[in-house]
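Chemist: Here's the letter readout for the chains.
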Amino acid sequence: MRRLRKLMSLTLTGVLLAGALAGCGQKDSGSADSDVIKIGGIAPLTGNVAVYGVAASNGAKLAIEEINASGGILGKKIEYIEYDDKGDTTEAVNAYKKLVNNNKVNAIIGAVTSKPTLAITPLAAKEGIPMITPTATALDVTAAGTNIFRTCFIDPYQGEIMAKFALENLNASKAAVLYNTADDYSLGVAEAFKNYFEANGGTVVSYEGYGADEKDYKAILTNVKTQNPDVLFLPDYYNTVGLIAQQVKEVGINATLLGADGWDGVLTVAPEAVEGGYFCNHYSTDDTAEEVQNFIKKYKETYNEDPVSFAALGYDTVKILAAAIEKAGTTDYDAVVKALAETNITSVTGTITYDENRNPVKDVAIIKIENGQNRLYTKVNPQ
Amino acid sequence: MDVLAKFLQQLINGIHVGSIYALIALGYTMVYGIIKLINFAHGDIIMMGAYFTFVCIVTFNLPIGVALITPVILCLLSGILIERVAYKPLRNSPRLSALITAIGVSFLLENVFFKKFGQNPIPFPQIINPSPISLGPLQISRITFITVLISVLLMILLDLFIKKTKPGKAMRAVSEDPGAAQLMGINVNSTISLTFATGSALGAVGGILYSIAYPLIDPFMGVMPGLKAFVAAVLGGIGIIPGAMLGGFIMGIAESLTKGYISSQLADAVVFGILIVVLSLKPSGLLGKNVKEKV
Amino acid sequence: MALLETKDLGIAFGGLRAVGDFNIKIDEKELVGLIGPNGAGKTTVFNLLTGVYLPTEGAIYFNGENIVGKKPFEIVEKGITRTFQNIRLFKDLSVLENVKIAFHHKMKYSIAAGIFRLNAYWKEEKEIEEKAMELLKLFDMQDAAYTTAKNLPYGQQRKLEIARALAADPKLLLLDEPAAGMNPQETKELMETIHFIRDKFKIAILLIEHDMSLVMGICERIIVIDYGMIIATGTPEEIKRNKKVIGAYLGE
Amino acid sequence: MNSRLKANIINTTSIILIYIILVLLIRIGFINNYYEGILIEMGINIILAVSLNLATGYLGQLTLGHAGFMAIGAYTAAILSARMNLPDLPLLLVSIVLGGLLAAFFAFLMAIPVFRLRGDYLAILTLGFGEIIRVIILNMKITGGGKGLSGILPLTSFSTVYFITVITVTIFYTLINSRHGRAIISIREDEIAAEAVGISTKYYKTFAFTLAAFFAGVAGGLFAHHTLVLDPKDFNFIRSIEILIIVVLGGMGNLTGSVLAAIIITILPRLLMGFADWNMIIYSVLLIAMMLFKPGGLLEKREFSLNGLLSGKKKSQGNTPVKNEGSE
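Chains as they are written, first to last, in the numbering used here: chain A, 1 to 383; chain B, 1 to 295; chain C, 1 to 252; chain D, 1 to 328.
If you are wondering where the hints come from, they were derived from the structure by calculation, not from laboratory data.
Keep in mind that this is a model prediction, so the values were computed, not measured.
Worth double-checking, as some hints may not be accurate.
Claimed, not checked - Calculated from the model, a selection of chain A residues having no Cβ within reach of chain D, i.e. all distances over 12 Å:
1) G87
2) K98
3) L99
4) A143
5) S206
6) T226
7) D230
8) Q293
9) E305
10) D334
11) K338
12) T351
13) T378
To be verified - Sample of chain C residues at the chain D side, in silico, Cβ under 7 Å:
14) N86
15) F90
16) I101
17) A102
18) M216
Don't be surprised by glycine CBs; every beta carbon is placed ideally from N, CA and C.
Required output: the full structure, derived from the provided sequences and hints.
Modeler: Next up, the structure:
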């Protein structure tokens, strides 16, 4: 037994060491291969926010398949190389470096959530590589460099839209806002909502933050209840929204629930608790536009599930990038970036052009949850 | 709602979550008492309890009674298995090695469930109707009622088990002095297994109650309640069963009152702050005896 | 002036008075035994003298200075060192390191000098290495210098603990049951060692011991305590004949 | 004197030689940006591990709040470097040293309540302090709160990390082998006996704890200027546990072990990335297997010495003919 133990431990040490050495000596696999156009993807494929990463990634892959099936761009096929950032900044930086240095990609799609995206923007800005994040809504993302674009609309915009909607469409005068202090998306949307709501005659009776790992909202909701708000704004991702919504019912609050694009998917979590709520989104599956229905059909065929808005954004991002490369006629960084700035295409999430901050200008869909279904309630134009 | 009613409401919220912490803390404290190991994997027993329940109800569609008992038994067996495979061989090794092993087991369980059930948190089926019952100005959720009831009942049963039954007494003997207990004819190994079994079963119930209250389960869901329950156990005096219960309730109430009256984000800081203050005044916890090293 | 003098020294744990009205004097180079039945408070006296316990009453004068309230390590610096009833060695360190550690407070070089290995470091380290080896030689343990302490035979562990206590350069050495667990042969050797230490290092020794042959054989003066109180002091001959002492030991 | 000089020359030469080789490999692109990043993380993990080893392995106090000190260092350095006007290298050095000092200052304040406790109570108290630090950072404006702190200057380079790591390991090595190091170790072995031979346990506990925190802070500063975005959740108790894993894996009170384990733990997850979603399962199984078969750590008590290797001499420290199994 003792011998065996010793042998095992020796082997184990050996394996670990060999692994360590192998790791150092691993060779570059990527070289500038001109037969294909290489697009690098960075998304959280595992970890807390994997749901969004996988959706965005699936959308992007679907678009690439379509493009390759119809002959690629500039007569070349697209090769999509993707790394998992786990929603973590360090991993995102590693993934970025690996894509640029080892795989020598021509452009970057990613990252999906704001923080990892913010971690790589300085690096991307330095190298000037064309980069589009499908879904990172934080205001600062595109500020790092003129080569950084996004497909989604920004946080403050969503907050304002929902505040306007609450005031004008729902005639609300008292609003309560609960937001996740550890998440810049949630914070940014909440702040914008509060500012707009108060500036336009409403009162925010309760503005409360909670931590990222929070699961028990009853204490906060008990406070909210005493204020009797007309609407309760919950700008967070749908898992958290589902938890809060159920506890809203437990505590017995009757306010109308409002949310932002993070709500997409909430029906899989707590359909009953969010019944009657409204949220804004990048697109609606109800939309009768041809691009939308086509996309939904193909997505369902490929992945056997309904596409959430992150999937649509991933899909559109590839379309935007492909169009720009086609227009530039080359994969040269500067040429592609210039073409990106002049984007004007109509795809699943609307007709997209870019403003001077490389943020998209497009419609917002407001969705009502009725009988356990998402229904397109209205479309709001940015102007 | 007047000030008093609001306060009582927050107190009830605190007792609800506190009773779950207490149940989980019991598992930590019993194991610590008997083999002086911080069983990091205990938090994952909570997670396993939740997933097993989910599978029983959603996948196999078992009747509710069976679907709630089966996970408890499975967790109980897992507890025994974990001890036998991962901790027993290290009983005479440096204590830190056992601690790291426990962390390894915790990682393993989390990632096995991660692999099996994927990255998405899964909505937990609604077992109890969440709508509140009104008691005067207070509104108490049915979930709160049932949770507190079950927890208190289990704690009373555990207390009787440990004080009145032979195996329970054996557990106390082994945690006092394993060597002497062995000389008295107590089978130390099976007593340790029994401790893990009891702790894990309580953890499973805690996990189910936790998932009913916060119906979204994911492979890492056990980490935070596990940590807090462990802090509760230390707060009450680790190794001391009534201490774990007391600690659990204090933690729950402190958390709820902080969230209700100060700030939600500071709840963790306040909880740990209480821990620091208590340990500074009573270095071995609220109910712990201050044992001086014999010189 | 006596080297050590206690005035009405006492300590109570909770309501229980473990030691009280404890008055002793020990002169330089004196070899004194402290005896008494089990639980009489002998080790408690040691713990009071070395600062492990804070007395609840009375004073301890060492070299004329009241050392009550001083930390154990400060008392070592004043010149009282000890051994323990249940041997407390630095188990996982070598014999040599055990001794070197006790030289700590005699060394001067700073943390910076240690980290940057300035001249002071090399000079002092070399010095104490030699001193430590010398000390081990006196105890005939130089061959075991690199053995891990916990692997020494029991008798050697006791000896090492005494060597370590001596390395800290005491004026008064407290030995807590040095002969416990030793066979008659080892005890005899130990008696010789204790004598030798006192003569070689010119220090006073206070020892607790159950082995009467050892106590009677080497101590110049014996203090007997029971229930925390001194019941007799005197030469071995006087103590042997003291009725109170006999009573205490036989349980009246 | 001669052998001392020889040892110095051998060590210095090999350190510089390794450096030159690595830098050359980076220059010719054999080690690209990505691998360079891994080397930097290795260095940071080594600093974290050896510093925690001082508190846990040598002083013998299990502390679970190391990530908290790392966080203080990281945020302080990042905030300072953004507000000072200096050339790159001095800017980095000044800000990480100040970050380390602030971490040390907090450790110093904590030492008083912490060292009233023993064993697992002490461990859990340090965990509590670590979490409180994190929550406070989360609630501060200047740290960016939950949004994180971005826009940090990219000042950490391979060269700075390499030399700071070498200096750190050397400092810990010489410290441990001085009278002060022996005093620290004696506390681990037997606190009461240490006091009884004239060692101020309070002084050395505080000193070791504070010094460990200083270097955790320095590592945090390097980390901040490497990842460029700080998020309070990077510094939760799981991070502290990761560092502890390195220390235990390498062997408590074994510097070589810490260095080796830090290298392995940095690379291992990346190697396992090829196994996709099996990677963490394999990682945890390896961790458990490691502890079951080698509970004393990879190297147990053996320290690696380049001089010893070259001269063929074996250090006689820790020759343990009989392994004393069983409880003490």
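Chemist: A separate judgement is required for each hint: does it hold in the structure or not?
Modeler: Hint check results:
1. G87: violated (10 Å)
2. K98: violated (5 Å)
3. L99: Per Cβ check, L99 (chain A) is inside 12 Å of chain D; nearest 9 Å; violated.
4. A143: Answer for A143 (chain A): violated, closest chain D Cβ roughly 9 Å.
5. S206: The claim stands: S206 (chain A) keeps its Cβ more than 12 Å from every Cβ of chain D (closest is about 19 Å).
6. T226: holds (24 Å)
7. D230: Since the minimum Cβ distance to chain D is about 28 Å, D230 (chain A) lies beyond 12 Å and the statement holds.
8. Q293: Given that every Cβ of chain D is farther than 12 Å from that of Q293 (chain A), nearest at about 34 Å, it holds.
9. E305: holds (19 Å)
10. D334: D334 (chain A) clear of chain D: closest Cβ-Cβ about 21 Å, beyond 12 Å.
11. K338: Check passes; 26 Å lies beyond 12 Å.
12. T351: T351 (chain A) is indeed farther than 12 Å from all Cβ atoms of chain D, at 31 Å.
13. T378: Label holds. Min Cβ-Cβ 31 Å, cutoff 12 Å.
14. N86: This interface hint is violated because 10 Å lies over the 7 Å limit.
15. F90: holds (4 Å)
16. I101: At about 5 Å, which falls below the 7 Å cut-off, the nearest Cβ of chain D leaves the hint on I101 (chain C) intact, so it holds.
17. A102: At about 4 Å, which falls below the 7 Å cut-off, the nearest Cβ of chain D leaves the hint on A102 (chain C) intact, so it holds.
18. M216: violated (28 Å)
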